[in-house]
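Line order of the protein sequences matches chains Y and W. Counting from 5, one number per residue, gives the positions in the first sequence under our numbering. Counting from 176, one number per residue, gives the positions in the second sequence under our numbering.
Note that these hints are calculated values from the structure, not bench results. We put the beta carbon where it would ideally sit given N, CA and C, even for glycine. Hints may be right or wrong, so weigh each one.
Stated by the list, open to error - Chain Y regions said to be covered by chain W (calculated; three or more residues, Cβ under 8 Å): (1) 36-44; (2) 72-84.
Said to hold, decoys possible - Interface residues of chain Y toward chain W, partial, derived using beta-carbon atoms under 8 Å: (3) 26; (4) 92; (5) 102; (6) 124; (7) 135; (8) 159.
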Amino acid sequence: MNLSLSLFPLGWQHYLLGGLLVGAGTALLFVLTGRIGGMSTLFSSTWSFVVRRPFFQQARFVDSRNWRLVYALGLILGGLVWWLGFAGGVREATNVPAWQLLVGGIFVGYGARLGNGCTSGHGICGLGSLQWPSLMAVLTFMATAFLTANLAARWLS
Amino acid sequence: MSVTSKTLPRALATLVAGALFGFGLSLSTMIRPEVVLSFLHLNDFGLMLVMGGAVAVVVPAYKLAPRLLGRPLLGDVFRRHASVWNRDTLVGAALFGVGWGLCGVCPGPAIAGLGAGNWSLLWALAGIALGALLQGLRSDARPYNQRLTPDL
Numbered sequence: 005m006n007l008s009l010s011l012f013p014l015g016w017q018h019y020l021l022g023g024l025l026v027g028a029g030t031a032l033l034f035v036l037t038g039r040i041g042g043m044s045t046l047f048s049s050t051w052s053f054v055v056r057r058p059f060f061q062q063a064r065f066v067d068s069r070n071w072r073l074v075y076a077l078g079l080i081l082g083g084l085v086w087w088l089g090f091a092g093g094v095r096e097a098t099n100v101p102a103w104q105l106l107v108g109g110i111f112v113g114y115g116a117r118l119g120n121g122c123t124s125g126h127g128i129c130g131l132g133s134l135q136w137p138s139l140m141a142v143l144t145f146m147a148t149a150f151l152t153a154n155l156a157a158r159w160l161s
Numbered sequence: 176m177s178v179t180s181k182t183l184p185r186a187l188a189t190l191v192a193g194a195l196f197g198f199g200l201s202l203s204t205m206i207r208p209e210v211v212l213s214f215l216h217l218n219d220f221g222l223m224l225v226m227g228g229a230v231a232v233v234v235p236a237y238k239l240a241p242r243l244l245g246r247p248l249l250g251d252v253f254r255r256h257a258s259v260w261n262r263d264t265l266v267g268a269a270l271f272g273v274g275w276g277l278c279g280v281c282p283g284p285a286i287a288g289l290g291a292g293n294w295s296l297l298w299a300l301a302g303i304a305l306g307a308l309l310q311g312l313r314s315d316a317r318p319y320n321q322r323l324t325p326d327l
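Work out the full structure, taking the sequences as your base and the hints as a guide.
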């Protein structure tokens, strides 16, 4: 009880249930369509609509760009259903400054694509298929994220 | 039945799967950068439950479905995205972590959070899209024999 409160001060049920649903979405996508549902590839595959360079015209981006957009639309829809149906109509907001979101986002996008995966690609799909390179990637980004977040908390606030 | 004749059911399945994913991210409050940062400050270990819960569901699905079904219920084949461990993966993951630690946003929650009306996340989305563009352009400029990830 006390341990649970100190590890999860806001409760633990919604985390676990949410995680199971995230897994259910990824599993459903695979069972029905055979697709591996990591999110970061979306950003490279969507650029393939407008950027003619050979990198973005690779088959793995061009062939998957349509379903990845549909999948992303589904994510927005899921967020909308939660917001309208379960969140009491209170709009989500963040106090993280815009510049931090933008600069952090650039690193996130560049790094996820260079490393071929993000928290969902390596963290859920990669770990879900028991691939040790993904485990190494997860441990790596957890470590640098931990360091960055704690240094930022010290220097930026 | 051919894949093309199932285009609409497959698109609907993809939409519903994405919606489950986005709903789960929202319910678990991963769409709040503050909650992710709180994990990285070791104040709240909820993120471990989210990732652990998701992996616990995905492992049996990825393992069993190809064995039991042979092919996906709506056609095509079961894909595999083999991850590799090399310098690009190491550097990429490290940079991803720096960005994630700075803003508390990763690609899935950035998209799902839009559905919950968090327009500030558009800053993060713009950054992620820009980062992905820069990575592609830089990869294009790199000679082929220096590339670690083969073009699939």
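Comparing the hints with the structure gives:
Only when three residues or more bring their CB closer than 8 Å to a CB of chain W does the claim for the region 36-44 of chain Y stand; here the count is 9, and the claim holds. With a cut-off of 8 Å between beta carbons, the region 72-84 of chain Y has 11 residues touching chain W; three or more are needed, and the interface restraint holds. A hinted interface residue such as residue 26 (chain Y) counts as satisfied when its beta carbon comes closer than 8 Å to some beta carbon of chain W; here the least separation is about 4 Å, so the hint holds. The criterion of a C-beta within 8 Å of any C-beta in chain W is not met by residue 92 (chain Y), whose closest approach is roughly 12 Å, and the hint is violated.
Nearest Cβ of chain W to the Cβ of residue 102 (chain Y): about 5 Å, under the 8 Å cut. The hint holds. Here the hint on residue 124 (chain Y) is kept, as its CB sits about 5 Å from the closest CB of chain W, short of 8 Å. Annotation: interface hint on residue 135 (chain Y) holds; nearest CB of chain W at approximately 5 Å, less than 8 Å. Interface restraint check for residue 159 (chain Y): the shortest CB-CB distance to chain W comes to about 11 Å, outside 8 Å, so the restraint is violated.
Violated hints for the displayed structure, listed by number in ascending order: 4, 8.
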